[in-house]
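Q: In the order they appear, the protein sequences are chains A and B.
Numbering follows this note's numbering, with no gaps: position 75 of the first sequence is 75.
Numbering follows this note's numbering, with no gaps: position 57 of the second sequence is 57.
Since the hints were derived computationally from the structure, they do not count as laboratory data.
Honestly, I wouldn't trust all of these hints.
From the structure, some residues in chain B lie toward chain A, with a derived Cβ separation under 7 Å [stated by the list, open to error]:
#, residue
1, Cys230
2, Asn242
3, Leu243
4, Leu244
5, Asn246
6, Thr481
7, Thr482
8, Arg485
9, Gln487
Cβ coordinates follow ideal geometry from the N, Cα and C atoms, glycine included.
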Amino acid sequence: MRENEQKRVRDQVVSLFSSVLHVDVPSGGVDLFEAGILDSQNLVDLLLSIEQQFEIEILLHDFELDNFRCVDKITSLILEHQAPKHA
Amino acid sequence: MNLLQGWVRKQAESRPEAPAIVFDGQQVTYAELEARSNQLARILQSKGCRRGDRVCFAIPKSPAAIIALLGIMKADCCHVPIDTSSPVARVTKILQSSEPRFVLGVDAAANLLRQPLDWNKRPHSLEIGWMEDSSAVAEGLQAAFTWKDLSAYSDEPLNFRNTASDPAHILFTSGSTGEPKGVVITHSNVIHFIEWAIRYFAIDSSDRLSCHSPLHFDLSYFDIFAAFACGAELHLVPPEVNLLPNKIAEFIRASQLTQWFSVPSVLSYMARFDVVKHHDFPHLKRLLWCGDVFSTGSLIYWMKRLPHVSFTNLYGPTETTIASSYYTVPDCPANDRDPVPIGTACPGEELLVLDDKLQLMPVGQTGDLYIRGAGLSPGYWRDELKTSAAFLRGDLDHSQRLYRTGDLARLGEDGLVYFVGRSDSQIKCRGHRVELGEIETSLHSLNMVREGAVVAITSEVFEGNLICCAYASLHPDRDLTTLLRSQLSKLLPSYMLPSRWMCLDRLPINANGKVDRPALKQLFLNQETTTLGRSKRRSEPTCNSSVPDTTRMILDDTTTTAGESLEGAGLREPRSSAAAGRLPS
Numbered sequence: 001m002r003e004n005e006q007k008r009v010r011d012q013v014v015s016l017f018s019s020v021l022h023v024d025v026p027s028g029g030v031d032l033f034e035a036g037i038l039d040s041q042n043l044v045d046l047l048l049s050i051e052q053q054f055e056i057e058i059l060l061h062d063f064e065l066d067n068f069r070c071v072d073k074i075t076s077l078i079l080e081h082q083a084p085k086h087a
Numbered sequence: 001m002n003l004l005q006g007w008v009r010k011q012a013e014s015r016p017e018a019p020a021i022v023f024d025g026q027q028v029t030y031a032e033l034e035a036r037s038n039q040l041a042r043i044l045q046s047k048g049c050r051r052g053d054r055v056c057f058a059i060p061k062s063p064a065a066i067i068a069l070l071g072i073m074k075a076d077c078c079h080v081p082i083d084t085s086s087p088v089a090r091v092t093k094i095l096q097s098s099e100p101r102f103v104l105g106v107d108a109a110a111n112l113l114r115q116p117l118d119w120n121k122r123p124h125s126l127e128i129g130w131m132e133d134s135s136a137v138a139e140g141l142q143a144a145f146t147w148k149d150l151s152a153y154s155d156e157p158l159n160f161r162n163t164a165s166d167p168a169h170i171l172f173t174s175g176s177t178g179e180p181k182g183v184v185i186t187h188s189n190v191i192h193f194i195e196w197a198i199r200y201f202a203i204d205s206s207d208r209l210s211c212h213s214p215l216h217f218d219l220s221y222f223d224i225f226a227a228f229a230c231g232a233e234l235h236l237v238p239p240e241v242n243l244l245p246n247k248i249a250e251f252i253r254a255s256q257l258t259q260w261f262s263v264p265s266v267l268s269y270m271a272r273f274d275v276v277k278h279h280d281f282p283h284l285k286r287l288l289w290c291g292d293v294f295s296t297g298s299l300i301y302w303m304k305r306l307p308h309v310s311f312t313n314l315y316g317p318t319e320t321t322i323a324s325s326y327y328t329v330p331d332c333p334a335n336d337r338d339p340v341p342i343g344t345a346c347p348g349e350e351l352l353v354l355d356d357k358l359q360l361m362p363v364g365q366t367g368d369l370y371i372r373g374a375g376l377s378p379g380y381w382r383d384e385l386k387t388s389a390a391f392l393r394g395d396l397d398h399s400q401r402l403y404r405t406g407d408l409a410r411l412g413e414d415g416l417v418y419f420v421g422r423s424d425s426q427i428k429c430r431g432h433r434v435e436l437g438e439i440e441t442s443l444h445s446l447n448m449v450r451e452g453a454v455v456a457i458t459s460e461v462f463e464g465n466l467i468c469c470a471y472a473s474l475h476p477d478r479d480l481t482t483l484l485r486s487q488l489s490k491l492l493p494s495y496m497l498p499s500r501w502m503c504l505d506r507l508p509i510n511a512n513g514k515v516d517r518p519a520l521k522q523l524f525l526n527q528e529t530t531t532l533g534r535s536k537r538r539s540e541p542t543c544n545s546s547v548p549d550t551t552r553m554i555l556d557d558t559t560t561t562a563g564e565s566l567e568g569a570g571l572r573e574p575r576s577s578a579a580a581g582r583l584p585s
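All chains, please: the whole structure from these sequences, using the hints.
A: Right under this line is the structure:
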């Protein structure tokens with residue numbers, strides 16, 4: 001169940017990269033900063049679209065580069081924020 | 001001072017152990033900076049570099065990069081910074097245009113340099129120096145020296161043959177025809193500005209200055225040489241710090257900076273996410289910006305937060321060296337619609353608002369902005385045509401050259417100059433100067449679209465410009481956006497990549513049969529509004545804590561109207577409970 005949820009969220013994140021930032025993310029573990037995929041502008045675009053799509057609130061203390069470093073980490077962040085709702 | 005490197009020698013003699021550069025936990029003293037750059041100059045000379053030769057360096061911002069630019073100047077050569085985040089195609093163009101005698105690199109730039117500097121293809125006169133001890137150079141790059149070879153050379157001061165009017169560096173900026181153009185800047189151009197700036201801002205050896213701009217951006221020369229002229233500490237801001245607004249604030253705090261100089265988009269980004277506390281950054285004395293228009297709303301946020309800090313707007317294109325005018329904001333503006341002027345000319349410079357016959361425009365009327373004075377570049381590198389088109393001998397006074405900025409401005413009743421807009425398709429995007437024509441040329445060179453056009457719109461969400469690209473695909477019904485973006489990223493630096501895209505059956509055409517750019521802009525503006533509208537609806541029902549904070553901050557700003565309070569402008573105090581979580585600890 002948990003794995004399914006994780007996959008569902010990860011697929012949605014990958015499709016946000018494609019529909020909002022217009023980039024294909026090669027795999028869940030790719031370092032988005034090193035690959036030059038995320039910079040300060042599209043990070044905000046991504047953040048807003050994540051908040052909108054998943055109806056979550058990302059607070060400033062979540063603003064750690066590691067939380068956004070790869071699709072897998074972003075997926076975990078979203079799942080953490082969704083956790084209380086599904087508990 | 002007649003040569004930029006002279007300041008480092010002076011500090012090395014008087015305060016050898018004082019820190020010159022602070023970066024990532026490392027400190028480089030003035031004595032080390034002087035010694036290493038002397039050795040680099042000697043090794044370059046011994047390998048055949050002669051006065052006036054160009055030496056490119058592709059080194060991310062670091063002490064090695066600063067040593068490189070000093071060592072190159074000490075070898076009587078002219079340095080050409082290469083943006084290591086640029087794609088290979090663009091770097092190749094810059095190398096071809098500048099015809100360097102040497103290219104200095106580090107491991108992080110090896111992949112970028114390997115193709116253009118392939119040993120079998122590059123001219124025999126071009127050699128490579130590696131500013132690290134590394135084996136990466138072996139693969140196809142074959143360096144004439146590496147960092148460890150420096151120690152074999154004397155670190156004693158050199159005698160220089162260059163004079164103040166010799167080029168110090170060439171900075172390549174976006175060119176409308178698709179070729180980056182090189183702006184030649186002399187030692188005296190920079191020295192003139194620095195000498196004024198350190199007097200005006202009263203910078204001294206107790207200062208800790210930020211070095212935030214990338215080194216291929218002329219603003220960084222203010223940070224570097226103002227610090228070295230005064231024996232102050234230069235704190236290099238690591239590129240990763242830029243990505244998140246709270247990290248930038250933490251950097252300013254932890255480094256106890258006394259001066260922060262960046263582009264408005266960074267300051268607005270920090271204001272948006274409300275990362276500055278009241279009376280934050282207790283050591284900070286000055287906050288400066290340049291390169292773009294800073295919205296008054298964000299300025300008010302900063303001035304309210306930091307009443308102990310002075311705020312100065314600097315203005316000037318690369319062609320007139322760092323900045324040509326300044327305006328220190330006397331009081332916090334009352335209204336977020338009040339424009340912040342670009343101010344008055346720095347001593348030795350003149351800002352002139354002229355008509356198309358090069359006559360002064362009456363006060364209050366918009367005209368073309370021209371600059372003349374000590375900061376004027378000798379012109380574009382090996383491009384007489386572009387040089388003579390932009391650097392004129394005006395009717396006002398034939399004895400002095402005038403630079404046509406392409407900016408529109410007006411002189412206010414208060415004697416201050418106000419920026420109005422651009423007269424061409426050059427834009428500023430997050431402080432970067434971008435020719436929309438260069439993006440269009442690159443787009444068409446891909447041969448993937450039937451038609452394509454690039455326009456910029458002012459974003460309500462992000463202050464400043466958004467680059468938008470509309471195209472008609474060669475293959476009907478096929479959305480090529482992701483592919484186009486990916487192909488463009490091989491030709492253009494990331495800051496020039498469009499962030500908004502539209503795939504259309506055909507582009508709107510005006511009465512003259514040309515692409516109707518105003519109509520296109522409107523299409524993109526509508527698209528932005530629709531996106532915003534969707535977010536907004538989510539926040540309407542209750543506007544309570546279930547609305548994401550970041551979204552709310554941004555949306556609130558879009559509803560600002562003249563005369564509204566700070567609270568209405570979204571620049572209000574963060575609301576209690578959520579606020580605690582938003583502020584960095």
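Q: So, for every hint listed, does it hold in this structure?
A: How the hints compare with the structure:
| no. | hint | in the structure |
| --- | --- | --- |
| 1 | Cys230 | violated, 30 Å |
| 2 | Asn242 | holds, 6 Å |
| 3 | Leu243 | holds, 5 Å |
| 4 | Leu244 | holds, 5 Å |
| 5 | Asn246 | holds, 5 Å |
| 6 | Thr481 | holds, 5 Å |
| 7 | Thr482 | holds, 5 Å |
| 8 | Arg485 | holds, 5 Å |
| 9 | Gln487 | violated, 12 Å |
When each numbered hint is compared with the structure, violations occur for hints 1 and 9.
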